[in-house]
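Just so you know, the sequences run in chain order C and G.
My numbering numbers the first residue of the first sequence as 65 and each following residue consecutively.
My numbering numbers the first residue of the second sequence as 65 and each following residue consecutively.
Hints were generated in silico from the structure; no laboratory data involved.
When chains are identical, the list treats them as one kind, so a pair holds in a single copy or across two.
No more than 30 Å apart at the CA atoms, straight line, and that leaves these computed lysine-lysine pairs for DSS-like:
| # | residue 1 | residue 2 |
| --- | --- | --- |
| 1 | Lys124 | Lys204 |
| 2 | Lys189 | Lys124 |
| 3 | Lys188 | Lys157 |
| 4 | Lys93 | Lys246 |
| 5 | Lys212 | Lys191 |
| 6 | Lys245 | Lys124 |
| 7 | Lys204 | Lys93 |
| 8 | Lys174 | Lys88 |
| 9 | Lys189 | Lys212 |
| 10 | Lys211 | Lys191 |
| 11 | Lys188 | Lys93 |
| 12 | Lys188 | Lys124 |
| 13 | Lys124 | Lys191 |
| 14 | Lys189 | Lys157 |
Number of protein chains: 2
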Amino acid sequence: MNIGKLITIWMADANDQLIKFEGKVTFMKIRSVNDSDYDIISPQINEWWSGRQMSDMLPKLFFTHFQDTSLIAEIEGGIVGFLIGFLSQSYPKEAYIHFVGVHPSYRNQKIANNLYRDFFQMIKKEKRSIIRCVTSPVNKGSIAFHKKMGFKIVEGDTLVNEVSVHLNYDGKDGDRVLFIKKVD
Amino acid sequence: MNIGKLITIWMADANDQLIKFEGKVTFMKIRSVNDSDYDIISPQINEWWSGRQMSDMLPKLFFTHFQDTSLIAEIEGGIVGFLIGFLSQSYPKEAYIHFVGVHPSYRNQKIANNLYRDFFQMIKKEKRSIIRCVTSPVNKGSIAFHKKMGFKIVEGDTLVNEVSVHLNYDGKDGDRVLFIKKVD
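Can you build the whole structure from these sequences, using the hints too?
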C-alpha cells in the first residue's frame, strides 16, 4: 500500500468506456485513549451529536482512568471516532461501553464497527464475557447498529416503536434501551 | 445504646437550674451502593447542590458498575449522604472519588468525613495508595474540606483566590482544582 500517496485506477464501465479514479490511500489506526484526547474530543461532541448537549455526559475522568478499555480511531493523525468503555468493578464478567462517537464526515465507513470489534477482542483478553451498553429510544440508528453488532435488547417495561424500553432508567431524558452481548 | 428510643437527659446550667433534653438516639450506617439507590438519589441531586444542574453528571452506570467502591450513609433507613468512587483502570495504584453529596439538613455532622474515612480504609484493602479527586474553584467549602481530610492540591496553571487551578481542565465550567492524597 502507498499510504498517503496519490494512486490512479482505470476501470471500464458497461459501455467499455474507460473511467479514471484518482485518490489518496489512507488507513485507519485504532489506539488507546490518553488524557490529551479529551481536549480535542470534548469541544466537538455537541456538534457530532447534531447540537444535542452531550459533552457534560463525558467528563475527563474517563480519558484518565479508563485508558486501556477506551479507543481512538485516527485517520492521518486526526480523530475520526472514539469508544469509551470500562471493566465493571461490580460484575467481574462484565464490561460496559459508555460513549461512542464518529465524526459526521466519516459516518457509514464502518468506523464504529471496527471500534466495537477491537473492544470485543480486548474484553476477551480480560476474561470478560458480557458487554452491556444503553442508548436512548429516539436513537434509532444506534438501536439498529447494536442489533447488527450482535447485541440483544434486555426486556424493559414497555414497547416504544416495537422496541422494549426501560422507562425512567437514567438521568437525562430518562428512558433507555438496554443492550447485552455475550462474547465467548 | 437505645437506638430509635426516646431518651431524656437532665443537666444543670450555670445557675444550677435543671434543663431537660429529650431526644431520639439514632445512628448512621455506611454501606455499599446498589442500583436502586440511583432512583432515590438522582432526583434529589440538583436540590442538594442548591439548584445547580448536577444530576446529569452522575449517570446510573456508577451505581451499577462501581458498587464496591461507592458508599451510602443512612440514618433510620433514609439516605443522608453518598460517595461515588472507583479504582482507576489506567493507574493500578490509584483510586478516584467522583461525586460526594450530603443532604442539606445533615451538613456539618461529619457525614462526608465518615464516608471519606471508610473509602480510605477500603482503598488500602485494595492495595491502592493514591486517591485523586477534582472540584470547582467556586466550591470553597469543598476545597477546605479536602485540605482538612489530608488532600494536597496538584499545582495548576494559575492562582484563583490563592488556590492553584487547572484552567479549562474538564467539561462543565472548565476550571478545576485537582487533589491528591497518599494513603499508606
